[in-house]
Amino acid sequence: MAPESYYLALAAGLFSIGVIGVVVRRNPLVIFMSIELMLNAANLSFVAFGHRFGSAEGQVFVFFVMAVAAAEVAVGLAIIVAIFRLRQRLSMDDLSMMRW
Amino acid sequence: MGIVAFAILAVIAVGSALGLVLKKNPIHGALFLVVNLASVAALYLTLGAEFLAAAQVIVYAGAIMVLFVFAIMVLIPGKEETGPDPRRRVRLAALPVGGVLLVILVIVVGRAVVATGPVGAPGNVEAVGRLLFTDYLFPFELTSVLLLAAMVGVLLLARRRA
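As they're listed, the protein sequences go chains E and U. If you count the first sequence from 1, position 70 lands on 70 in this note's numbering, and the numbers rise without skipping. If you count the second sequence from 1, position 5 lands on 105 in this note's numbering, and the numbers rise without skipping.
Here chain E stands alone, though its shape is the one from the complex:
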């Protein structure tokens, strides 16, 4: 059994990779997937802490995060599809219409 701190370090690494993906990539779909990666890293640390303290509450929180992530993905993909319909190409750099 690996100690929980290893799991936390792994979660930190995954989260950082997700952050880099969000900033570096130009495709909104890939950015979305990187956000999923970050959510998963947070979930992993929840479960690791829950295991450390011998409590199931961490797993309950991960359950809620999963539900929220499912809702978020559905809405986000619908928004991306709507934007694609509007301008026929897909790049984060084009989406500056809400910037003042």
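To be clear, the hints were calculated from the coordinates, so they are not data collected in a lab. All C-beta atoms in this analysis are idealised placements derived from N, C-alpha and C, irrespective of residue type, glycine included.
SDA-like cross-link-like pairs, simulated, lysine to any residue; straight-line CA separation at most 25 Å:
# : chain 1 : residue 1 : chain 2 : residue 2
1 : U       : K124      : E       : V22
2 : U       : K123      : U       : R187
3 : U       : K124      : E       : G76
4 : U       : K123      : E       : I79
5 : U       : K124      : U       : V174
Which stretches of chain E does chain U cover? Using the computed rule of at least three CB atoms under 8 Å from a CB of chain U, they are:
# : stretch
6 : 48 to 60
7 : 68 to 80
With chain E fixed as given, assemble chain U onto it according to the hints.
Same frame as chain E, but now just chain U:
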């Protein structure tokens, strides 16, 4: 034994995460993300969270990734991100930023005072279910409202304007 399993799973998780970020084709990225989610599910198993491992495979690697792949198939005509990047220098700054973030996270987690609680793995399906339907019953019900709202919102957003 446990540490070997963790090491293998960790290498798979980090490698597939890097594949997601580095691969140009979003379909490849999506498949890498499926591998990553599966390895995280296996990590949940090593932590004694069987319910979450199953939910992870069904909800994430199943439903959500199908949605992603579907959206990629509909939206992306082949490869993209092939043209020259006008903001290349700004984007490359993300690498030191991500590295600094990683260092900060590791330091913070490493210095955190972890109180000595009861160590063990009671987190089986029964414990999670008991918590969900007693202490967390109200948030649980709110989740269904959230999913309903998301569904209605998606229908509204994806509707073709007449």
